[in-house]
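As a plain string of letters, each chain reads:
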Amino acid sequence: MSYNKPLPKLDPLTTPFWEHARRNILALQTCRACNDAHLPPSPVCPKCLSTDQDWKPASGRGVLEAYAEFHRAYWPGFNDDIPYSSAIVRLEEGPLMATNLVGDTTNARVGKAVEVIFDIVSPELALPKFRLASDD
Amino acid sequence: MRSVSIIGTGMMRFMKRDTVNMVDFAWPIVKAAIVEAGVDPKSIGAAYCGSAASGSMPGQRVLKRLGLTGIPISNVEGACSSSAIALRHASLAVATGECDVALAFGVDQLNLSGKTLVHGTEDWDFAYGLAMPGLYAMRAQRYMYEYGVTIEQLTKIAVKSKKYGALNPWAHFQQEVTAEQVMNARMVADPFTVLHCCPRSDGASAVVVCASDIAHRYSSKPVKIVSSVQRSGKMMTGFRDMTMPESTQRAARILYEQSGLGPEDIDVCEVHDAFTVNELLYSDALGFSKPGEAVKLLEDGDFDIGGRIPLNITGGLVSRGHPIGPTGIAQVVEMTHQLQGRAGKRQVEGAKLAMTHVTGGGVAGLDHGAVTIHILGV
Chain A
1 MSYNKPLPKL DPLTTPFWEH ARRNILALQT CRACNDAHLP PSPVCPKCLS TDQDWKPASG
61 RGVLEAYAEF HRAYWPGFND DIPYSSAIVR LEEGPLMATN LVGDTTNARV GKAVEVIFDI
121 VSPELALPKF RLASDD
Chain B
1 MRSVSIIGTG MMRFMKRDTV NMVDFAWPIV KAAIVEAGVD PKSIGAAYCG SAASGSMPGQ
61 RVLKRLGLTG IPISNVEGAC SSSAIALRHA SLAVATGECD VALAFGVDQL NLSGKTLVHG
121 TEDWDFAYGL AMPGLYAMRA QRYMYEYGVT IEQLTKIAVK SKKYGALNPW AHFQQEVTAE
181 QVMNARMVAD PFTVLHCCPR SDGASAVVVC ASDIAHRYSS KPVKIVSSVQ RSGKMMTGFR
241 DMTMPESTQR AARILYEQSG LGPEDIDVCE VHDAFTVNEL LYSDALGFSK PGEAVKLLED
301 GDFDIGGRIP LNITGGLVSR GHPIGPTGIA QVVEMTHQLQ GRAGKRQVEG AKLAMTHVTG
361 GGVAGLDHGA VTIHILGV
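Protein chains in written order, with the working numbering: chain A, 1 to 136; chain B, 1 to 378.
This is chain B alone, in the form it adopts within the complex (with noise of 0.2 Å):
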């Protein structure tokens, strides 16, 4: 298998963008990370578009509008994770010698398509007014009654994210707000507000892939894809411990594997905090913190830029929002950045490895449908 690269980036503030069609917003961030790689776009062997929620072949009704047609196009649904597996496809297609030019990127206009993730309907859980953020209240209370954590520390992790999602310019959330100002929100379901969820956004987001022994003529800094894993949450009909998410576990022991390479090796590094209480879950699921013993990493600012791993320093899904299809090449290309230094006030200063991490979905009886971890090196 070859080694593959990341040479351009596409990227565009999340927000309710819901007025104008969603290939209209999407074309021009796909041209971005075409234009940014400098390639040939006929040099584009295959594209995958992620999305979750914009009905059938959204890659093909984007790629249209840039005459990217002609080559395969597979459109990939798996939640959350659907751009980033997207990403993987990509890769996998470059990896194998199936092309040496690859494109991925994520499109979802979730304020025109719906509230809220919708799944099967053979799941029981809608005649009990169950919704996500209730699962994940549920999960904050156990995690909370199992290792003594107080709804201030949990305030700490959303004051942190709308701290750093002041800084960043794709942010749909772009206010510093005080743990007051978090307390006293709106209640969701406890014991989160709305400030502890992260906002319904529109967006899109794409990254251009090629070989790695031809990126440098691209680029003058790309970007390793060090490791890929995808794994699907195991059926669980049992009973299932709530504060240990085993497919992210899985998959990081997997990645660790496979790269050679530990928690302890990485730079900076994004989960799939879709609330806040996921970055202790993620943390210690993906081995930067013992379980139970996030939260010490957070209170000793080990989570913050200057800190041991600085994690979700973006804002993450909670500042940065939730379109579901592009969040997972956000997170890319969010580190992409960061690897190549140019992430201007989030900059972790000599940042060689970076992590990102998204799940996808629920669906009774699994831990998440899906998850997706990518290792990126320079």
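The following block holds chain A by itself, in its conformation from the complex (with noise of 0.2 Å):
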């Protein structure tokens, strides 16, 4: 069956994104000049403006800052899914990651470590993904 959920739309702003996705690396925007690393990237740093900006692989870990089961499909290629868990991931870095938790999730609850995997829906992209760390 073909994907036949949406899809994020790529741009130059967000191509490099996707491009360490494909290759399973979890990468943030990151600014050379004070460091800041952000999500969802910026053509400037939001912190001081600077336009100099690099891409740089993230750790791939956080903590679910908040997670909720969703039981209504808004788009149809989700109907099969429900219930599906959405989750808000704070990033070892700093930024908040909307996303879905995914594997086993009875144990999930606010505060629980999580690590990326990458969902591989296309050639050109892989989506990532969380699941409960495995040696939380």
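Be aware that one or more of the hints could be misleading.
[Unchecked claim] Among the chain A residues that face chain B by a calculated CB cut under 8 Å, a handful are:
#1 Lys5
#2 Leu7
#3 His38
#4 Arg72
#5 Phe78
[As the list claims (entries may be wrong)] Pairs of lysine to any residue residues, derived as SDA-like cross-links and limited to a Cα-Cα distance of at most 25 Å, are as follows:
#6 B/Lys234 to A/Gly94
#7 B/Lys234 to A/Pro46
#8 B/Lys234 to A/Glu92
#9 A/Lys112 to B/Met236
Hints were generated in silico from the structure; no laboratory data involved.
No residue lacks a Cβ here, since even glycine has one placed at the ideal position from N, Cα and C.
Using the hints, build the complex out of the two chains.
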């Protein structure tokens, strides 16, 4: 079955994020001037307005800032996934990331450690998702 | 800057109205506000229309039905804050002397235009199936985690909302419910069953404002716009506290500074309760409670009529409905009637100062796209 969920649109600003993701690397745009790591990416550093920006691999680890089970699909592609787990992950580097929690979520609680995995949805795109950390 | 007062209101029951053209249900509401104000339509110097999902120039499309054309008509889009921003701009047009009388209204027909608010495609949340109910469900989960709030307590907010909605002829949902009914309703996004969420509504709302020094010519009970603040959420690409809506907190601080008033002065308040947990989030952010303590006010009956700060005693968005564009002015119409002593079974006796609070939208990285707060007074 072909993938029928909404896909992020790639543009010059976000393409580096998705190119890293395709290589199974969670990368964050990081300012060379002030070292601020941010998500979503921005044409200038939202802290110091510098245009000198880099992409750096993140640890891929974080904690569940919030977590909720979705029981309704707002896009038809999610009909078969109900209930599915949405999450806000607080990355080790600081930024919050909206994502899905996958795998066994029985023990999912706010504050639990999570780690990134990559869901390959097309030859070009892998969506970073998270699962409960194995060592937690 | 001149003082500005509300002299006319127009409001309708919010509900599913997908069989008529939006223009046809909106123009009588605008007319009602003008008739109530008793102004010559020709004296209206500017009009502002707040709408989030009605395409190009809804203001012109509605006002041509009334022949109210030729004047500057500005269409304002600020998601759920749209018509509150429209009112703010109408007030500013009067305050600066651009005109003496101005019109602000809101209109949307969500049941025709789409299921829920859809934002820019540059945000990634869609790829993860994230819509508004889920984002607020996560805020609720975080708030419950931080402050030990229970699902039973959140349920009390839904029961309260429906209790007041049942007293409001304008409410989309006019039936009382029990805690059991709330808990057993269809689950949308844990912890929200459908009775924790605002219904998708269609409707229109309108007010006429004028310079306060001529308001008594038109209205025996004009309501003054004591203070008005509009802000946008700050872009925060790092960490942010999900339990404290920063844009509301920041706007409230400015509002209190500019008015010389404090949260203890407000007699009745409407906050943007698209979901039940918002009453707690915004009570904390507006200073009615310390962070995490709003649930005490709820439990003590302080959010009820007769309590310390009656909150959403119109049923709020959860019961009155949320057509997006008209929501901000609907709150203002309800609070104007409170201050005029014409709120019927929902009346808070002796209310002198009322607050309306409405946020707008979700843009990735921002707390909210927009926030608009008004203090009204008599």
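- Query: Against chain B, with CB atoms and a cut of 8 Å, does the hint on A/His38 hold up?
  - Reply: Constraint on A/His38 satisfied, holds at 3 Å.
- Message: Take the shortest C-beta to C-beta distance between A/Lys5 and chain B; is it under 8 Å?
- Response: holds (7 Å)
- Task: Given the hint that B/Lys234 pairs with A/Gly94, test it: the Cα-Cα distance must not exceed 25 Å.
- Result: Measuring from Cα to Cα gives roughly 17 Å; hence the hint holds.
- Item | Residue hint A/Leu7, partner chain B, criterion CB-CB below 8 Å | Hint holds; A/Leu7 Cβ to chain B Cβ min 6 Å, cut 8 Å.
- Message: For a C-alpha distance cap of 25 Å, please report whether A/Lys112 and B/Met236 respect it.
- Response: holds (23 Å)
- Closest C-beta approach of A/Phe78 to chain B relative to 8 Å, hint status: At about 4 Å, which falls below the 8 Å cut-off, the nearest Cβ of chain B leaves the hint on A/Phe78 intact, so it holds.
- Agreement of B/Lys234 and A/Glu92 with the hint, judged by alpha carbon distance not exceeding 25 Å: holds (22 Å)
- Verify the interface restraint on A/Arg72: the C-beta must sit less than 8 Å from at least one C-beta of chain B. holds (5 Å)
- Task: With a cut-off of 25 Å on the C-alpha distance, tell me whether B/Lys234 and A/Pro46 pass.
- Result: holds (10 Å)
When each numbered hint is compared with the structure, no violation occurs for any of them.
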